[in-house]
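> What follows is the residue order along each chain.
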Amino acid sequence: MELLTPDFGLVFWMVICFTAVLFILGKYGWPVIVGMINKRSDEIEESILKANEANARLAGTNAETERLLAEAKNERLELLKEASKQKDQIIADAKAEAAKKAQDLLDKAKEDIQLERDNAIKEIRTQVAELSVSIAEKVVREKLTGDKAGLDMINKLLDEVNIAKS
Amino acid sequence: MNLFSKIITILMILFAPLVAQANEHQESEGEGKVDVKELVFGHIGDSYSWHIIGDIAIPLPCIVYGQNGLDVFMSSKLGHGGHYTEYNGYTIAAEGQPNAGKIVEVSTGERPWDISITKNVLFLFISSGLMLWIFLSISKRYKEDYWRKPEGKQAFLEPLIVMIEKDVIEPCVGKNVEKFSPFLLTVFFFIMINNYLGLIPIFGSNLTGNIACTMVLAVFTFLVTNFKGGTKHYWLEMVNPEVPLWLKLPIPLMPLIEIIGMFTKPIALCIRLFANMLAGHVMQLVLIGLIFIFSINVGIGSGAYGVSILSCALVIFMTLLECLVCFIQAYVFTTLSALFIGLAQVEPHEEHK
Chain X
177 MELLTPDFGL VFWMVICFTA VLFILGKYGW PVIVGMINKR SDEIEESILK
227 ANEANARLAG TNAETERLLA EAKNERLELL KEASKQKDQI IADAKAEAAK
277 KAQDLLDKAK EDIQLERDNA IKEIRTQVAE LSVSIAEKVV REKLTGDKAG
327 LDMINKLLDE VNIAKS
Chain L
1291 MNLFSKIITI LMILFAPLVA QANEHQESEG EGKVDVKELV FGHIGDSYSW
1341 HIIGDIAIPL PCIVYGQNGL DVFMSSKLGH GGHYTEYNGY TIAAEGQPNA
1391 GKIVEVSTGE RPWDISITKN VLFLFISSGL MLWIFLSISK RYKEDYWRKP
1441 EGKQAFLEPL IVMIEKDVIE PCVGKNVEKF SPFLLTVFFF IMINNYLGLI
1491 PIFGSNLTGN IACTMVLAVF TFLVTNFKGG TKHYWLEMVN PEVPLWLKLP
1541 IPLMPLIEII GMFTKPIALC IRLFANMLAG HVMQLVLIGL IFIFSINVGI
1591 GSGAYGVSIL SCALVIFMTL LECLVCFIQA YVFTTLSALF IGLAQVEPHE
1641 EHK
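Respectively, the protein sequence lines represent chains X and L.
In terms of our numbering, the first sequence has 231 at position 55, counting the first letter as 1, and numbering is strictly consecutive.
In terms of our numbering, the second sequence has 1613 at position 323, counting the first letter as 1, and numbering is strictly consecutive.
With the rest of the complex left out, here is chain X:
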């Protein structure tokens, strides 16, 4: 029976000690410990989430860079193509122009030559005509003494001259 009767002294000290431990730990122990454990686990979770997010963002950035790079390469290629096309064009144009100019010059030269030749021929003709006339005059002055045969010959000669002139 002695075992089942609580001893006053022990109850007394038990109440004091337990209350003290409960009060002190309840104030300075448990709230700090439990609070900090919770805070730490929250922070770990948060940090992992953030790290994942950052990784995802980094991967996104890499893809973006790659895309931009590819785009730039394409653009460069296109520009080069365009440039070479333009160069060809310019060269072709220049060539065409040059050819055209040369042709023009040639034509003009030909024309000039033709003109000069015509003029020369005209000149020659007039001179030849004049010469012929003078020659004829001289011939006529000697032989043209009124015979008929002389007159006919003159007419004939004139006709020939006219035909040749026309």
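Don't read these hints as lab results, they were simulated from the structure.
Any given hint could be a false lead.
Unchecked claim - Restricting the straight-line Cα-Cα distance to at most 20 Å, the calculated cross-link-like pairs of lysine to aspartate or glutamate (EDC-like) are:
| # | chain 1 | residue 1 | chain 2 | residue 2 |
| --- | --- | --- | --- | --- |
| 1 | X | Lys257 | X | Glu273 |
| 2 | L | Lys1538 | L | Glu1548 |
| 3 | X | Lys203 | L | Glu1434 |
| 4 | X | Lys203 | L | Glu1468 |
| 5 | X | Lys215 | L | Glu1400 |
| 6 | L | Lys1456 | X | Asp218 |
| 7 | X | Lys203 | L | Glu1448 |
| 8 | L | Lys1456 | X | Glu221 |
| 9 | X | Lys314 | X | Glu336 |
| 10 | L | Lys1439 | X | Asp218 |
| 11 | X | Lys215 | L | Asp1457 |
| 12 | X | Lys215 | L | Glu1460 |
| 13 | X | Lys215 | L | Glu1434 |
| 14 | L | Lys1327 | L | Glu1385 |
| 15 | L | Lys1439 | L | Glu1468 |
Stated by the list, open to error - Beta-carbon label-pair distances, calculated as ranges:
| # | chain 1 | residue 1 | chain 2 | residue 2 | range |
| --- | --- | --- | --- | --- | --- |
| 16 | L | Gly1442 | X | Asn238 | 38 to 48 Å |
| 17 | L | Phe1617 | X | Glu219 | 27 to 37 Å |
| 18 | X | Ile224 | L | Leu1537 | 47 to 57 Å |
| 19 | X | Ile200 | L | Lys1518 | 11 to 21 Å |
| 20 | X | Asn238 | L | Phe1617 | 44 to 54 Å |
| 21 | X | Ile224 | L | Val1533 | 11 to 21 Å |
| 22 | X | Ile200 | L | Gln1387 | 40 to 50 Å |
From a predicted model like this one, the values you see are computed outputs, not experimental measurements.
C-beta: ideal position from N, C-alpha, C; glycine also.
We have chain X; now place chain L onto it with these hints.
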């Protein structure tokens, strides 16, 4: 194998005092029997001195308040080893008398108000100090570097704290967890530390196997459950439960059951812890005592050796079992306290709002 032999050696060293004590009894009583009952009760009960080994006992201060007012003296003044002397009108009542083993007044034989620092009180102080030191030092570390990985005491205790907090207190208490978790955590670690201290033989305390200790713990649970946790609805349910009228009138059957239940819950807590811890200690002591009973009755011989080996094996088994029980009992006490608190925090059902 190495670890096993180490454990055995440690256990043998730890149990040495009991063996020595038993031997002492054997010698003092000559060819007589070993008083196993006294051995067992001497251990599980309380005493005014801290008996360490053989004749060595540390006297502890006695504080009594009797007819002559307050008196403080060392227990060695009252004699030791079963031969008590008188001091200042006080003595320790002998075996067979009322209040046996307690300080009584010589003139009347009555008990004075006795708040002596007995063996159990000493261990109460030791365990309280240990708890404060352990938890305040780890809380300091949490406060300073909460993000650091736990080390030492902190690493050892954090899983336990988290387990009790998250797996026991939070699901059982439900609402207002932060209001009750300090109490429940204190209860858990207080019981656990004292249980394990009780397992260390030279210390030989049996605080949680003492009804005074478990009663105080149960009273605390009772007070916290009913007065800190009990909602208005809880008290209303107590007096006027939602049951058919004939269960309440003319005989208030249900209210009576509810009110009795309010008291039986903590009483069950108190008795469960007390009986479990007491039984463990008694079992170990009886198994050890068996060795001496056999060696005296049968004589030192092969039979006695056989019994010794068997007893030692059983004691090792019991000690390991006790290691488990120490934790389980602390866990059960905390879980049930948390449940009672959770039950006390009832709110009116939806349809009554």
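> So, for every hint listed, does it hold in this structure?
For each hint, the structure was consulted:
Under the criterion of a C-alpha separation no larger than 20 Å, the hint pairing X:Lys257 with X:Glu273 is inconsistent with the structure, at around 24 Å. With a C-alpha separation of about 11 Å, the suggested pair L:Lys1538 and L:Glu1548 falls inside the 20 Å cut-off, and the hint holds. Annotation: proposed proximity of X:Lys203 to L:Glu1434 holds, straight-line Cα distance about 17 Å (limit 20 Å). For the proposed pair X:Lys203 and L:Glu1468, the alpha carbon gap of about 12 Å is at most 20 Å, so the pair holds.
The straight-line distance between the Cα atoms of X:Lys215 and L:Glu1400 is roughly 57 Å, outside the 20 Å bound, and the hint therefore fails. Restraint check: the Cα-Cα separation between L:Lys1456 and X:Asp218 comes to about 14 Å, which is no more than 20 Å; the hinted pair holds. Distance restraint check for X:Lys203 and L:Glu1448: the Cα-Cα separation of roughly 18 Å lies within the 20 Å cut-off, and the hinted pair is therefore satisfied. For the hint linking L:Lys1456 to X:Glu221, the alpha-carbon distance of about 17 Å falls within 20 Å, and the restraint holds.
About 18 Å separates the Cα atoms of X:Lys314 and X:Glu336, which keeps this hinted pair within 20 Å; it holds. Our distance criterion of 20 Å between C-alpha atoms is met by L:Lys1439 and X:Asp218, whose separation comes to about 14 Å. Between X:Lys215 and L:Asp1457, the direct Cα distance comes to roughly 18 Å. Compliance with the 20 Å bound is thereby established for this hinted pair. This hinted pair checks out: X:Lys215 and L:Glu1460 have alpha carbons roughly 16 Å apart, not beyond 20 Å.
With a C-alpha separation of about 13 Å, the suggested pairing of X:Lys215 with L:Glu1434 holds against the 20 Å cut-off. Simply put, L:Lys1327 and L:Glu1385 have alpha-carbon atoms about 13 Å apart, close enough for the 20 Å limit, and the pair holds. About 24 Å separates the Cα atoms of L:Lys1439 and L:Glu1468, which puts this hinted pair outside 20 Å; it is violated. At roughly 44 Å, the beta carbons of L:Gly1442 and X:Asn238 sit within the given window of 38 to 48 Å.
The supplied range of 27 to 37 Å is met by L:Phe1617 and X:Glu219, whose beta-carbon atoms lie about 30 Å from each other. For X:Ile224 paired with L:Leu1537, a C-beta distance near 55 Å keeps the hint of 47 to 57 Å intact. Taken as a hint, the range 11 to 21 Å holds for the pair X:Ile200 and L:Lys1518, whose Cβ atoms sit roughly 18 Å apart. Taken as a hint, the range 44 to 54 Å holds for the pair X:Asn238 and L:Phe1617, whose Cβ atoms sit roughly 53 Å apart.
For X:Ile224 paired with L:Val1533, a C-beta distance near 51 Å fails the hint of 11 to 21 Å. The hinted range of 40 to 50 Å is satisfied by X:Ile200 and L:Gln1387, whose Cβ atoms lie roughly 41 Å apart.
When the structure is compared with the earlier hints, violations turn up for hints 1, 5, 15, 21 and for no others.
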